[in-house]
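Using the sequences plus the hints, can you model the full thing?
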Amino acid sequence: MEASSLKVLVLTGPGTNCDAETLFAFRHLGCNADEETLRMLSRHPEKLAEYQILILPGGFTYGDYVGAGMLFAADLRHTIGDEILRFLAEGKFILGICNGFQVLVKSGLLPTFEKPFEKPSVTLEANKSLRFEDRWVHLRPEGKSFWTRGLSKIITLPVAHAEGRFLARDKKVLHRLQAEGRVLLRYCGGDGGSPKYPEDPNGSDDHIAAITDSTGQVMGMMPHPERFVLPQQHPSHTRGEFNDKPHGYLLLANLVKQACSRFS
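Heads up: the sequence shown runs through residues 1423 to 1686, numbered per my numbering.
Think of the hints as simulated: they come from the structure by calculation, not from any bench. Among the hints, erroneous ones may be present.
Taking lysine-lysine pairs in the DSSO-like style, the calculated list, with each CA pair at most 27 Å apart, reads [unchecked claim]:
| id | residue 1 | residue 2 |
| --- | --- | --- |
| 1 | Lys1667 | Lys1679 |
| 2 | Lys1537 | Lys1575 |
| 3 | Lys1593 | Lys1550 |
| 4 | Lys1429 | Lys1679 |
| 5 | Lys1575 | Lys1679 |
Quick list of simulated restraints, FRET-style, between CB atoms [unchecked claim]:
| id | residue 1 | residue 2 | range |
| --- | --- | --- | --- |
| 6 | Lys1566 | Phe1446 | 27 to 37 Å |
| 7 | Gly1603 | Phe1539 | 21 to 31 Å |
| 8 | Gly1437 | Lys1566 | 28 to 38 Å |
| 9 | Asn1454 | Arg1508 | 14 to 24 Å |
| 10 | Ser1427 | Glu1621 | 39 to 49 Å |
| 11 | Arg1508 | Asn1665 | 41 to 51 Å |
| 12 | Lys1537 | Glu1468 | 15 to 25 Å |
| 13 | Gly1615 | Glu1663 | 16 to 26 Å |
| 14 | Gly1513 | Lys1566 | 16 to 26 Å |
Glycine residues also receive a C-beta, built at the ideal position from the N, C-alpha and C atoms.
If you want it as structure tokens, here you go:
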């Protein structure tokens, strides 16, 4: 399958505010990308089957009331939960970015040690600084997943969140995530070493910034790859200090390539 035939759905709700740049990113990658609200999709849930990739973008769905992503997660589970299960059973892909990551965790779609929509064993809580953190960070890709294939030893992406502190229920959960290769990105210092604040902007357990489910089809991440798909989006671009291919572009391109290969 060519990227132009790949169908990507950006699913939004009240308070989503990163849909435009997410649509742009996937269209820039050559995909056929659409936007739909969860309310409208719930009226015709069979439409989800038309897509190969589902994106839950960033924002503040439902104003983060009760907890970031909590209400949207409940809405998702109870309106199109069965369709999500069929979507995954067909080998399709889900990416949750920032608020989308919060939704995946709160709904039980991550990390899924046993089954989708299980009782959450991890969460994303208020940043340790108790501030909204809006900055560029260094990240260390890990694991052998297609998501991080070919990425540099250290990449840079922007973050913008108030509740991005990744916390596990206990050390057993952290050990299992590590042992199973589910941790895909960690915050790090500019030299790849252990980060201090604000290099780790939220105080996450083991500096975790992104994880995947047991199948590798579902990924959640706090950094925003869709905000770095053009060189001009990097703050050092005009100083000529950044000459790599945009790291967000490379990460999202890995997803597109994997989906094209699977559904060819």
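Hint numbers the structure violates, sorted upward?
-> 2
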